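Peer 1: Residue strings, one per chain:
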Amino acid sequence: MTDASPERDAAADGGHEVARGGDDHGHDFPGRGSIKRWFVTTNHKDVGILYVVTSLFFLVLGGVLAWLMRVQLLAPRALGEGILSPVAYNQTVSAHGLLMVFWFLSPFAFGFANYVVPLQLGAKDLAFPRLNALSYWLYLFSGILFGVSFFQGGTFSGGWTMYAPLNVPTFTPDVGASTAVLALVLFVASVTVSSVNFLTTMHRMRAEGLTLRNLPLFSWTILLTVWMMLFAFAALLAALLVLSSDRLLGTTYFAMESPAGALLWTHLFWFFGHPEVYIVFFPALGVMAEVFQTFTGRRIVGRKWFILAMVLVAIQSFAVWMHHMFLTSINLQVKTLFMITTIGISLPFDLMVFALIYTMLKGKIRFTTPFLFVFGALLLFIIGGITGVFLGAVVLDYEFRGTYWVVAHFHYVMVGGVTALVGGLYYWFPKMTGRMYDEFLGKLHFAVYFVGFNLLYFPLFVAWETPRRVFDYAPELAPWHQLATVGGFVLGLSFLIMFYNLFKSAFVGDPAPDNPWEHATTAEWAVSSPPPLENFDGTPTYRNGHLEFLDIGEVAQSEDRSGGPTGAAVSDGGVAASATTTVATALSTAEATEVEGPSHASIWPFVLSAGAFLVLLGLSSLQDAAFPEGMVGAAYATTAVAGGVVTLGSLVAMGLEPFHGPVFEEGEAWPFAGIDNGKVGMWIFLASDVVLFGGFIGAYVFTRVAFGWTGWEPIPPDPIPGLVNTYILLTSSFTVVLALVAAEKRHKWGVVTCLGATFVLGIGFLINKGLEWQHLFHEGLWLSTNVRASTFFLTTGLHAAHVIAGLLVALYLTARAWRGAYLEDSRSVEYFGLYWHFVDIVWLFLFPLFYIL
Amino acid sequence: MVSTKLYTAIYAALFVSATVQVLVEFAGLSYWLAFGVILALSAAKAVLVAAYFQHLRFEPRSLTYLVGIGLAAALALTLAASYSLL
Amino acid sequence: MVTELMPAAAFPLQSGLVPRGTRAFVFERIFEVFLLLGTLVGVVVVGYMLYNAYRYRSGSGKGHVDEGNRLVLGELPSGSGGGRKLFTSFFMSMVIVVSLVSWTYLTLLYVEEGPADDESLDVEVEGYQFGWRFTYPNGHTTDGVLRVPADRPVQLTITTADVFHNFGITALRVKSDAIPGQETETWFTADEPGTYTARCYELCGVGHSYMSAEVIVMPPDEYEAWYANTTADNATANGSSADASVAASSAVAQSVAPQPSLRPAVVP
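Chains as they are written, first to last, in this note's numbering: chain A, 1 to 853; chain B, 1 to 86; chain C, 1 to 268.
Chain A on its own, in the form it takes in the complex (with noise of 0.2 Å):
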């Protein structure tokens, strides 16, 4: 990509984003060109391009994948028949669903949030860099191991949906299905990290006059997204490990068996499940508002109303899983219950699509792709939404459940939504990468685009008989499948003509403009395209009204331009260069300080991933808590090991390298006004962290009501291990309480004994539960003997993961206040101390739940 400004200066950083001045800070942050800048940056931009390009890839993977059902489902097809065995075409079709719901579609969508969210916000960066480049690698790595699985006798064969006891190793007993599974738990890792740093973010670093109220639709959609992704993964992280345990170790929850465990899945799954639709949704009707109302020329119709609607359904879609289960045997008040939530949730939908509609009338609308891709979007979600109010009466679910209704109605809202985001993609690609797309071309991969999609789902609603994942049908329906099938190469086939497209434009396209639209108005048309490594020149304030930069920067900057802006660095976890992250004195002309820059690159979020990988590759062979017997298992367990080694050191590296965040003052902060990042961060994860643990206790006491609560035993046969237990625990959040208040009074022995203590007291709670377990396993109780040994190692045995994952951190700050740390920030032990009490919290229940009751 050639850059057209004059100012570039080629010897900063060999890149193109420097087309202002200020913003060169004379280290060798790789240039764009090169290899080694995509794998150690962590700015925001670079960050979405490489999720938008890497979620294009499974996309096309997942094409691939469904072509080869369409071609399956072409005729009814008798045992023996068709391209794709049995065992195949279930493979495929789970495949297909989860990579296009997991790895394509909300990474897809977090490229555009990445790249548009800061510059919308005004922010110079999210609010931790590496954090950043981590849930990217993370989600790369989770994708790659997804790919693994397919070589390992198969990959998961269950549907996406994973329905118990089907996903059991009695029932799938390939080691691909547990690598697919182990897969998303790596993805959920990466999606976690990133809606702490979005919420963070988000909340924390508006530019002055921006409230929420304020905010642009498209943050407001990807500000609920990620709320919304914070709770519901936690819960899908609950069943994925409960499941990960039952196939690896041993542990019988979802077994035939076990009491409710088909059922408990469901609802774990669809607690995450349907909050994930709209996960996925949202973003895309973010695009469309933003869309609609550059290419009308109008501002939206009720932009309050449909900020309040996007709100309640992302409060709402919590309260309505249980609509995927109206078949099972749940009683018939919940499911009244239910139904009406359902049809509930719709109501708000409503209201956001009229609202765009309305929006159109009275405009100038300019015909352009992004509007074109837009408006086919929302009215392909007319439709789709008009076939899942069917669904919601419960009468006619009965009859369509597991049937192509379903499907069709599901692709028509969710590839509705893909519509929108490709709309975002032709919309922001001038921005991203400086240069125009062929229009001709745009609107011509509209057309064909628009004809293969209704050519492959609406036939699907008139065969909707034909049962789900099958491809034996009744032969009348055949014709409207071959018709499905056609459409759905013309579909696959027009992405070709966006590729061809992009990539060339992304190389000799015309020369783009800071803001090609017009009548955009968002903060990201401001700048140039594409966009300063910083962002902007000075801060954004919104402070009269409109968007303006106060040049603090150029006030107080000296003309060595190696120097960075002037104001503290605010850390990002590692060594921090200064504490203080001063706010008025910018403006003024006091004395600058002189601190590094923020710092772009970072190795370790890539190696820190590659880590996991090799880890969670090592386990998928564990199968009853034992590896595999011989060369093959000696591999696996060394592979986990590697990658445990790995995986700790990038942590402990990731620690002490010295790396400066984004430098901000805080403008709009609420409801986080005056707390810092990192506290807000860990209180975020924190939030997150209930819920897992919610999920767990949850399936635990959903088991026993199962079972009949007071007929279960409780497995310890007394409970003074764990009241033991409960002592140490308690007495290790004081002493930890007792580190900060030394390192507030700077008394560093104070400081390194009382962390100390803290380690040493975790280490007697691991022997104290270590001597208890092995005395269980003595008396001939393992994992698998019952779900009610289940349900007591594995809840206990999360809770004493979380310990150890502390006891290292421990160690760690140990280590580093001997040597004079924390005593002028003592920041690092106060989050340790938030993590370390919510642990012992957590006790605190599991202790009576467990020993007692």
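Treat the hints as calculated values from the structure; they're not laboratory data. Since this is a predicted model, take the numbers as computed values, not measurements. Watch out, some of these pointers could steer you wrong.
What follows is a set of in silico ranges between Cβ atoms, one per label pair, in the way DEER data are often shown [what the hints assert, rightly or not]: (1) A/Val311 to C/Asp122: 46 to 52 Å; (2) A/Ala88 to C/Thr39: 35 to 41 Å; (3) A/Ala801 to C/Thr157: 41 to 47 Å; (4) C/Glu113 to A/His775: 52 to 58 Å; (5) A/Gly31 to B/Val2: 50 to 56 Å; (6) A/Pro717 to B/Gly36: 20 to 26 Å; (7) B/Gly36 to A/Ala801: 56 to 62 Å; (8) A/Pro628 to C/Asp118: 55 to 61 Å.
Even for Gly, the Cβ is constructed at its ideal location relative to N, Cα and C.
Given the structure of chain A, go ahead and fit chains B and C onto it with the hints provided.
Peer 2: Chains B and C only, in chain A's frame:
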């Protein structure tokens, strides 16, 4: 802010409360009454740790609400799912 | 109309508003109304969308961006009013949706109530990888074929011997999940003698595509004759050539399974 003395007092209260929980078993209460008492004690302890050790009492209320949302979500799932079995 | 089969206990509503009859009848009525309304709403909304998109295309001269209210880069976002139209549409759609669903709720109550116990035939259904086993009130068990009399309600109690399945007879509009350790209940009435197909509607393994059973609806007297000849636990009492071929196809389905069947194939 919180003095070391207050921290110590809270620690002692937690310690005692944990012991009491175990002793409830021997108090001869009916199962569900004992259940309620024991869980109430756990909740009280959790509140003390959260309010003082984690400082939530002195932080902006938004942090408490944040964790509260997580707790509410977990409870809603557990209670609704369990109810649907009955 | 099979109203004479409905429970004597009066359903405290106007007859005619809530469709009553066979499952198929109830489904078709509701589906038709939804289809009609859904298509109507869809056509109106999409038509309105397309019309306005055309009407306000740039260059038509109809739309305008007045100078005082132009969108400005960097402006703080705000809406453009128009709340009243929005509320009217929203209110109307809410009324339609809520009435529709309330109506179907009444129908749900009817369906959940089910037929009177004394009039219906109770059959237990057990799914397994990859077939269906049926047990009659006298204890007689068949595999792969369900015989029922026409014009008489059949109450099904459904479960599974292994994984999560779903039993559905699409032509008769009846379906329910088959969940390990749980029993679900549903019912249907077939008014036309004939042969229908029951399939599995929840992915259950390699044989899922072929996990089907025949449902033979017989004239009541023929059914009685057949039933009288069956005995408890005697699964092989009444073979017929039709049944043998069905058993063969369900044996095919079972042969697809890599793991051995949990029970030996039982031929009716």
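Peer 1: Give a verdict on every hint.
Peer 2: Here is how each hint holds up against the structure:
As the Cβ distance of A/Val311 to C/Asp122 is approximately 49 Å, the hint placing it in 46 to 52 Å holds. At roughly 38 Å, the beta-carbon separation of A/Ala88 and C/Thr39 lies within the given 35 to 41 Å, and the hint holds. Range check, A/Ala801 to C/Thr157: about 43 Å between beta-carbon atoms, so the 41 to 47 Å window is met. Look at C/Glu113 against A/His775: about 55 Å separates their beta carbons, and that is inside 52 to 58 Å.
A beta carbon spacing of about 52 Å between A/Gly31 and B/Val2 agrees with the range 50 to 56 Å that was offered as a hint. Taken as a hint, the range 20 to 26 Å holds for the pair A/Pro717 and B/Gly36, whose Cβ atoms sit roughly 24 Å apart. In this structure the hint that B/Gly36 and A/Ala801 lie 56 to 62 Å apart at CB is violated, the actual value being about 30 Å. Separated by about 59 Å at the C-beta atoms, A/Pro628 and C/Asp118 satisfy the suggested range of 55 to 61 Å.
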